[in-house]
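2 protein chains.
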Amino acid sequence: MVYPTRGQIEAAAHRIAFGIHRTPVLQSAFFDNRFESEFFFKCENFQKAGAFKSRGAINAVFSLDEPEVSKGVATHSSGNHAQALARAAALRKIPAYIVMPENAPRVKIDAVKGYGGVITFCKPTLEARVSTLKRVIAETHAVEIHSYDNLKVIEGQATAAMELLEEQPAPDIILCPVGGGGLLSGTALSAHYFSPATRVIACEPTGADDAFRSFKSGKFVPSVHPKTIADGLLTSLGKLTFPIIREFAADIVTVEERSILEAMRLIFERMKIVVEPSSAVPLAAVLEGKIDVKGKRAGIILSGGNVDLDHLPWQ
Amino acid sequence: MVYPTRGQIEAAAHRIAFGIHRTPVLQSAFFDNRFESEFFFKCENFQKAGAFKSRGAINAVFSLDEPEVSKGVATHSSGNHAQALARAAALRKIPAYIVMPENAPRVKIDAVKGYGGVITFCKPTLEARVSTLKRVIAETHAVEIHSYDNLKVIEGQATAAMELLEEQPAPDIILCPVGGGGLLSGTALSAHYFSPATRVIACEPTGADDAFRSFKSGKFVPSVHPKTIADGLLTSLGKLTFPIIREFAADIVTVEERSILEAMRLIFERMKIVVEPSSAVPLAAVLEGKIDVKGKRAGIILSGGNVDLDHLPWQ
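Sequences listed follow chains U and E, in order.
Its first residue numbered 0, the first sequence is counted upward by one per residue in numbering that gives the first Met the number 0.
Its first residue numbered 0, the second sequence is counted upward by one per residue in numbering that gives the first Met the number 0.
Treat the hints with caution; some may be incorrect.
Same chains, same label: a pair holds when it works inside one copy or across any pair of copies.
As the list claims (entries may be wrong) - List of simulated lysine-lysine pairs, DSBU-like, C-alpha gap at most 30 Å:
| # | residue 1 | residue 2 |
| --- | --- | --- |
| 1 | K289 | K122 |
| 2 | K289 | K70 |
| 3 | K293 | K112 |
| 4 | K295 | K238 |
| 5 | K92 | K293 |
| 6 | K238 | K133 |
| 7 | K133 | K215 |
| 8 | K289 | K218 |
Rather than coming from a laboratory, the hints here were simulated on the basis of the structure.
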């Protein structure tokens with residue numbers, strides 16, 4: 000198993016500081032009273048490009064050496080990594096080649112274009128995305144930056160929990176969502192290095208519970224036909240992220256769609272902040288009573304805020 | 000003309016500190032770049048009970064002497080003042096009698112009840128509200144706390160701009176919405192005392208432009224059949240607030256409904272925070288080019304975040 004060292008995560012924090020927000024940690028009297036707990040919400044919805052993905056993307060792009068990086072970077076993504084990588088490449092003044100499914104939301108396409116990303120559309124299947132990316136890389140000689148299965152990306156994502164722990168040392172637990180596992184493996188590593196007594200518990204929609212099943216069985220289970228409003232959590236775990244999660248995450252729990260929706264609406268209504276469905280998954284687990292938070296100090300990573308405001312899921 | 004002194008506003012800040020949030024001042028690279036300005040958003044949408052109204056209500060309730068206050072407080076309000084006063088009374092452990100129009104939104108009624116307020120419903124006219132309140136006060140001997148035409152309320156509202164100026168001294172301008180003028184008169188007084196070179200400019204919907212017409216003509220113009228999505232800004236100026244505004248506000252500008260809507264959506268989308276339509280009125284004036292912000296440092300008071308999430312106005 001390979002995984003980032005403490006020193007590499009600290010170096011990543013320095014490397015990316017110029018290009019990210021040190022996002023605030025918010026508290027909520029409403030949630031604290033309701034669950035007799037003390038919550039600390041790390042607001043990556045306020046992050047540059049609207050999600051934690053900016054951390055990993057900048058760390059990966061700025062870790063590459065000059066001759067290697069000059070042809071640009073490339074990835075396939077329909078979501079926040081696409082925007083984050085396009086922005087990171089723009090900061091380094093290199094091209095970003097983004098393979099996107101032809102049914103990607105207009106707002107995401109516009110955001111990638113807004114950062115100067117060069118988009119290649121493909122059929123909305125994983126096979127088409129992978130083969131199209133392979134062709135784009137063959138043509139451009141760009142370096143692939145995978146959205147989660149990349150050590151430099153994992154280092155970058157780890158800095159969100161690292162900042163949370165600097166601000167609120169030694170919480171009992173940290174909750175975060177899990178999709179491909181970039182955020183989760185980074186979070187679990189930061190807890191391991193900077194707050195060893197803190198348990199990291201990942202939360203996943205029942206309709207996309209491949210990480211849960213992989214974690215519980217100890218064998219990789221791919222994400223097949225996932226169905227959830229948490230559109231950031233559809234992907235399978237990676238070759239790098241799965242072993243890190245097995246070693247350093249304490250548990251994974253699953254939540255129902257209606258709880259995600261209720262949690263998301265409560266965050267809007269009570270905290271007055273905009274989050275995307277994936278961000279609401281950890282609080283959904285608290286609403287369902289899946290995680291014992293009573294009397295505990297609980298960090299929650301709100302992963303992003305890129306939601307379609309014309310079609311909020313409770314409407 | 001009577002108006003709060005500098006010392007009274009400072010005393011109000013101390014009096015209410017136990018029961019309000021010192022709300023954050025956010026910045027936005029998006030808006031700064033777009034308008035070549037530097038904006039400081041004072042986030043009263045994060046305030047207790049969801050709006051700046053908590054400041055004035057607590058200051059008024061906790062300024063009353065013991066025998067006077069023991070019978071409780073009363074007001075008529077369909078909006079944020081109702082919740083804020085109910086909460087302030089609960090903090091002082093006295094009754095709050097709230098007269099609300101029978102067509103008030105369910106969410107506001109529930110919020111008042113949630114704080115223990117005693118609601119009396121009336122027909123949705125100003126006459127019915129005033130006469131019903133008179134009857135309630137005759138029966139209960141409660142003290143009326145008007146939602147804006149009350150010096151203690153004005154002192155309390157002034158503390159929002161006071162905090163903004165402590166954090167970001169001497170901006171060129173401060174923008175805020177105007178309805179009854181409680182927030183505006185408090186803001187203008189705080190600028191006068193704590194940052195005399197700062198110009199305070201109020202922003203008002205064209206569909207409810209009574210403050211604009213009063214300010215420009217120098218004669219009180221009542222709000223008759225106002226029509227705007229900014230439901231916090233429907234009321235007429237008060238006997239106390241109008242003279243303070245004439246003396247201490249630099250200007251009032253009006254904005255179209257479509258600009259309010261666009262500004263509100265941009266705040267959700269770009270700042271990832273939830274605001275009510277009234278909060279978006281100052282930024283709407285910037286969008287319309289009504290206020291020259293280029294090269295300037297501009298404070299904006301986001302007045303509240305109590306919006307019906309089931310019926311966002313752009314949908």
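To see whether the hints hold, each was checked on the structure:
In this homomeric assembly, K289 and K122 never come within 30 Å of each other (Cα to Cα): the closest approach is 38 Å inside a single copy and 47 Å across copies. Proximity of K289 to K70 under the C-alpha cut-off of 30 Å is found in neither arrangement, the shortest distances being 47 Å within a copy and 46 Å between copies. Taking identical chains as interchangeable, the C-alpha atoms of K293 and K112 lie at most 30 Å apart only when they sit on different chains, with a minimum of 27 Å there against 45 Å within one chain. Taking CA atoms no more than 30 Å apart as the test, K295 paired with K238 passes in neither setting, with 33 Å inside one copy and 51 Å between copies.
Taking the shortest alpha-carbon separations for K92 and K293, only the inter-copy value of 28 Å comes in at or below 30 Å, while the best intra-copy value is 49 Å. Only within a single protomer do K238 and K133 lie at most 30 Å apart by alpha-carbon distance; the minimum there is 19 Å, versus 72 Å between protomers. In the homo-oligomer, the alpha carbons of K133 and K215 never lie at most 30 Å apart, since the shortest distance is 33 Å inside one protomer and 66 Å across protomers. For the identical chains of this complex, K289 and K218 are intra-copy neighbours only, at 23 Å inside a copy versus 62 Å across copies, given an alpha-carbon limit of 30 Å.
The structure fails hints 1, 2, 4, 7 (numbered hints given earlier, in ascending order).
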